[in-house]
Amino acid sequence: MKSNPSIKYQASSIIHRLSLMSVAIFSVLLASLSSAAAEDLTVDEIITKANEAAYYAGRDGQADVKMTIVDAGGGERVRQFRILRLNAENGNQKFYVYFNEPADVRRMVYLVWKKVGEGQDDDRWMYLPALDLVRRIAPGDKRTSFVGSDFVYEDVSGRNLNADEHELISSAGGQYQIKNTPKDPGSVEFSYYTVWIDQDTFLPRKAEYYDKNGKLYRRVEGTKVETVQGYPTVVESVVTDLNTGGKTVNAFSGMKYDIGLNDAIFSERFLKRPPREATR
Amino acid sequence: MRIKMMKRYIFIAVFVLAAGVAQAADVHGFADVRAGLRMQNDPNQDDESLGELRLQLDVMEYAGPLTLQLRSDFLYDWVLDEHDIDLETGEGAIDLREANVSASPVSWADVKAGRQILTWGTGDLLFINDMFPKDWNSFFIGRDEEYLKAPSDAVKVSLFPSWANIDLVYTPRFDHDRFITGDRISFWNAGLGARSGQDAVADADIPDEWFDDDEISIRVSRNMKGYELALYGYEGFWKSPSGSDMESGRAIFPRLGVYGSSLRGQLMKGIANLEAGYYDSRDDRDGDDPFVHNSEARLLAGYQQELMRDLTLAVQYYVELMMDYGEYEDSLPEGMDAADENRHVLTLRLTQQLLSQNLMLSFFAYWSPSDEDGYLRPSVSYKASDEWKFTAGGNFFMGRDDHTFFGQFEDNNNIYLSARYSF
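Protein sequence lines, in the order shown, are assigned to chains A and B. Its first residue numbered 12, the first sequence is counted upward by one per residue in the working numbering. Its first residue numbered 599, the second sequence is counted upward by one per residue in the working numbering.
With the rest of the complex left out, here is chain A (with noise of 0.2 Å):
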């Protein structure tokens, strides 16, 4: 028997007509209950979901940073290079550095296994390829500079969620605000810092540090937001130092999520023979 094609079109056209109808319904229904239930949200849960989605967005990731570190009399300094992460158990992950600017540290690679255990410190390597040498670097404090720019090295991997008490102080104008201090005020610059997150995104775009006189000295903004594959990224970020009046800009580019990177890139073999994955 021959079918009819106009009626197998109308047929096709109609079900896909419901599909997308579905799909609209669902994704309001979906969005009314979400919000619904970010109304209801813990601090904990909002700066969980905030720290995945700041950190941990995919399985994996891949982005080319160009990190301008421009100081208080306009002097600039620029560093390039390519990050990718690995997200493993347990909230531990792995990311692999690989700078191509400026000319000196050219080829040569960082390469952390961060750790969120309570008490663990993450594992770092840092490899020199003019002397062929894979040097183990002792733990650090984390609020280092990041080689040497105003962002500090928890800025880059995310401060451990365990290290300060949270306080929710308004969900007014999208965003949460919340106020963190650190349960070890000692172990930091800073006597607390407050974090605005976007509700629909859950991304950090602010956050604001205080001194231990009360005083502003810090602001970390997330100034661009993109979505790449799904994911709301953060494709421009500026820490600015009000102490100092120097910032540092870091544009990000190139970035890719879900890409299958083998765990093996981020081990000693890889650190002598960088993969295409971060050469290409």
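Just so you know, the hints here were simulated from the structure itself, not pulled from any lab data. Please note that a few of the clues may not be correct.
As the list claims (entries may be wrong) - Computed list of lysine-lysine pairs in DSBU-like fashion (alpha-carbon distance at most 30 Å, straight line):
hint: 1; chain 1: A; residue 1: Lys60; chain 2: A; residue 2: Lys223
hint: 2; chain 1: A; residue 1: Lys223; chain 2: B; residue 2: Lys867
hint: 3; chain 1: A; residue 1: Lys77; chain 2: A; residue 2: Lys235
hint: 4; chain 1: A; residue 1: Lys60; chain 2: B; residue 2: Lys823
hint: 5; chain 1: A; residue 1: Lys258; chain 2: A; residue 2: Lys194
hint: 6; chain 1: B; residue 1: Lys867; chain 2: A; residue 2: Lys267
Said to hold, decoys possible - Across the chosen pairs, the derived CB separations fall in these ranges:
hint: 7; chain 1: B; residue 1: Leu930; chain 2: A; residue 2: Gly128; range: 29 to 37 Å
hint: 8; chain 1: B; residue 1: Tyr915; chain 2: A; residue 2: Asp274; range: 32 to 40 Å
hint: 9; chain 1: A; residue 1: Thr155; chain 2: B; residue 2: Val753; range: 37 to 45 Å
hint: 10; chain 1: B; residue 1: Ala661; chain 2: A; residue 2: Ser198; range: 45 to 53 Å
hint: 11; chain 1: B; residue 1: Val753; chain 2: A; residue 2: Pro196; range: 38 to 46 Å
Unchecked claim - Counterexamples of contact, computed for chain B against chain A with all Cβ distances above 10 Å:
hint: 12; residue: Met637
hint: 13; residue: Tyr660
hint: 14; residue: Gly662
hint: 15; residue: Val699
hint: 16; residue: Pro703
hint: 17; residue: Trp808
hint: 18; residue: Glu833
hint: 19; residue: Ala874
hint: 20; residue: Ser977
Cβ atoms here follow ideal geometry from the backbone N, Cα and C, with glycine treated the same way.
Fit chain B to the supplied structure of chain A, relying on the hints for placement.
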């Protein structure tokens, strides 16, 4: 004299031209001018300890599955004023650092063949199982620390089964250290019973037969949850002269085998490392030949920790235990200074970064309580911009005796300055 000046101008012209070409193409590297002075008069050496203009060019090309690397230094040295090229010692107008091709023929193996820099082991400026060539002249006169490693002409095959990493390095012709000969650094000349320098540049009998005088290095390593374990083996020669030929009086490189292991990982708030090696002196297994080094056991323990933000402390204890010391003592000719049975060395490294990590203060000290000698390496470097870096530093040797490892270099104390432009 006019010709010498002409040579200098020609070199500088070529240098500027090459730097220009490098800027235009995808070539990277640096230009480095460096000068050093001796802190005391040594009748057997120039007053200048270092004086050179160096251009390094570095090209990396990907050709299908192959990676090609070429990195070479072009050098004008106005102290030694020796411009004939010697790729083995790195003296002269060209010091070829790397020229190799690498590939991963299968997913579980890497191969790199050609001139390359090779390093392994856990010591910080102390080496037990790293039997790749070192350049002690560069180290002592104040070149950048990267020049401590001299290149090897070798094939390196790395295998990566699931249980370990296996590295095999075959060097078809012995790559010795760029050892102290006296042309730049004066040293204790046991044959003369005095310190000598340019007056008696060491004449060495270097094993140089292709495939006969070869070297094999092997390492099997594994990273277990952040703890790095490794086993090592080496078959070759003492890397610096370790004996002398009685008839000719020339320095020799006796046969050597090394077997060792190392462990590195976190301990408390820092990083600890342990390394051990047995030096099997093949040509003097009984230890009764006074003209060939005895076998030794070498041990190393180190610890580094960040004391405060941007300030790191590292300490090491290192010991060389001479085997068959009785035989050594009994066989020693009258009047020759005996080495101690055990040589103990302590090292200290302090690194402080300031001014947004653009200013680095570094201090490294070796001290041997048994030899009662030491060696200090202070330096200050400042990154004025992404391109310019300025360094000042010194090399200071001290010792009670004239013949001990660091004490023999007492007349070589020097300070140096450098400016480097990276591109």
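Query raised in the report: Which numbered hints does this structure break?
Result: 6, 7, 11, 13
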